[in-house]
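Asker: Produce the complete structure using the sequences and hints provided.
In case it helps, full-length UniProt numbering puts the sequence shown at residues 1 to 255.
Simulated from the structure, these hints should not be mistaken for lab results. Worth double-checking, as some hints may not be accurate.
Claimed, not checked - Cβ-Cβ distance ranges computed for the label pairs, FRET-style:
id, residue 1, residue 2, range
1, ALA166, GLN241, 32 to 38 Å
2, GLU112, ARG23, 26 to 32 Å
3, ARG221, HIS188, 19 to 25 Å
4, ARG126, ARG187, 37 to 43 Å
5, ASP62, ASN218, 27 to 33 Å
6, GLU227, ASP62, 34 to 40 Å
7, ALA78, ARG27, 22 to 28 Å
From the three backbone atoms N, C-alpha and C, an ideal C-beta is built for every residue, glycine too.
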Amino acid sequence: MPDLTASTAARPFSPDFVGPRHRLRERLLLRLFLAANPGREVLNAGAGQGSFSLLIEQRGFDVTSLDTSPDAIELLGARVSGRVEQASLTELPFPDSTFDAVILGEVLEHIEDDRLALSESVRVLRPGGVVAVSVPANPRYFGPSDRWAGHVRRYSRAELLELTRAAGLRVERCDAWGFPFSTLYHRHVYDRHIERRGPDAPRGAFRPAVSMLGLLLNVDRLFVGVERGALGYLLVARKPQAPGTGPSVVADGVV
Numbered sequence: 001m002p003d004l005t006a007s008t009a010a011r012p013f014s015p016d017f018v019g020p021r022h023r024l025r026e027r028l029l030l031r032l033f034l035a036a037n038p039g040r041e042v043l044n045a046g047a048g049q050g051s052f053s054l055l056i057e058q059r060g061f062d063v064t065s066l067d068t069s070p071d072a073i074e075l076l077g078a079r080v081s082g083r084v085e086q087a088s089l090t091e092l093p094f095p096d097s098t099f100d101a102v103i104l105g106e107v108l109e110h111i112e113d114d115r116l117a118l119s120e121s122v123r124v125l126r127p128g129g130v131v132a133v134s135v136p137a138n139p140r141y142f143g144p145s146d147r148w149a150g151h152v153r154r155y156s157r158a159e160l161l162e163l164t165r166a167a168g169l170r171v172e173r174c175d176a177w178g179f180p181f182s183t184l185y186h187r188h189v190y191d192r193h194i195e196r197r198g199p200d201a202p203r204g205a206f207r208p209a210v211s212m213l214g215l216l217l218n219v220d221r222l223f224v225g226v227e228r229g230a231l232g233y234l235l236v237a238r239k240p241q242a243p244g245t246g247p248s249v250v251a252d253g254v255v
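Answerer: Next comes the structure, spelled out in structure tokens:
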């Protein structure tokens, strides 16, 4: 299987990549990331169109944006101010302990060997560094939009936590998000549109649903952490300061 990353440049006309649901997810992940008090040097792995790179650049971080897609690399070069690299997440072109933090936003679900990709992220992370992850949740929701986007899987909470522990990380937070309106939109509007009209349907066909979703997403913020009907997970974990400290879960509600 090819090694893929979440290149949002691959589907430039999808509102899932540029619309209110995307923005909500990134803002929620940003909040968890900043709360972890990360260091200055950050790798955004699978940076796609660069929206998260821009968010953290604006807050004073030194960001390296990486993607496998040539189209994404061209777009990133025009948008972000930091370093841009084209490479595979399973073979990162950096020495050990290069970064204070690694962002994996909607990336791991695209990679066949997600364990190797996460292991590589941990390798280039300094001791005490932070990994911030977002992934789609609920394997039973796997549908037309997942296949279209090149997803290999959706994650259960147990699968995500096991993957993180196996990489030697200490989980500090793992929040479900998307209930109720993002999930309803995904299952009853977005997936059905992809299935019925195909991935190349005009973007304008989404606009009424997307506009209404934007008005409703503030309600979803009130339900972050609700597991039932979750659309995705937001996770922050830390690399131990010294060998032998071992992975563990330290956040409320993780287990």
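Asker: Now, for every hint given, state plainly whether the structure supports it.
Answerer: Structure-based check of each hint:
no.: 1; hint: ALA166 / GLN241: 32 to 38 Å; verdict: 19 Å, violated
no.: 2; hint: GLU112 / ARG23: 26 to 32 Å; verdict: 29 Å, holds
no.: 3; hint: ARG221 / HIS188: 19 to 25 Å; verdict: 21 Å, holds
no.: 4; hint: ARG126 / ARG187: 37 to 43 Å; verdict: 40 Å, holds
no.: 5; hint: ASP62 / ASN218: 27 to 33 Å; verdict: 32 Å, holds
no.: 6; hint: GLU227 / ASP62: 34 to 40 Å; verdict: 36 Å, holds
no.: 7; hint: ALA78 / ARG27: 22 to 28 Å; verdict: 23 Å, holds
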